[in-house]
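Peer 1: Sequence:
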Amino acid sequence: MWRLGFYVWRAWLYAKYGVPAALVLYLIHLGQGWSVLFWIVAAVFGCVGLGMVLGVTEFRNREFGDVGRERIR
-1 MWRLGFYVWR AWLYAKYGVP AALVLYLIHL GQGWSVLFWI VAAVFGCVGL GMVLGVTEFR
59 NREFGDVGRE RIR
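According to the working numbering, the sequence shown is numbered sequentially starting from -1.
Treat the hints as calculated values from the structure; they're not laboratory data.
C-beta: ideal position from N, C-alpha, C; glycine also.
Misleading hints may appear alongside valid ones.
Simulated restraints on C-beta separations [claimed, not checked]:
1. Trp7 x Ile38: 28 to 34 Å
2. Leu21 x Gly63: 19 to 25 Å
3. Gly63 x Gly29: 44 to 50 Å
4. Trp7 x Ser33: 33 to 39 Å
Input sequences plus hints: build the corresponding full structure.
Peer 2: Laid out in structure tokens, this is it:
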């Protein structure tokens, strides 16, 4: 049950920060096209997203161990 809750929380976390970031990028693209501002904001959001993914992955590994290496005894 804990794993299911963790996966739902992880999906919620990605949606909570990913959807607004994508919306901001879309609005910048509508207003200015493929401008320097668009690429700077995309790079910043990409770095923040990568940091979040790495942090959540580290947390998952601490809580559950390596995925795929479990054995039922």
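Peer 1: Going back to the hint list, which numbers does this structure go against?
Peer 2: 2
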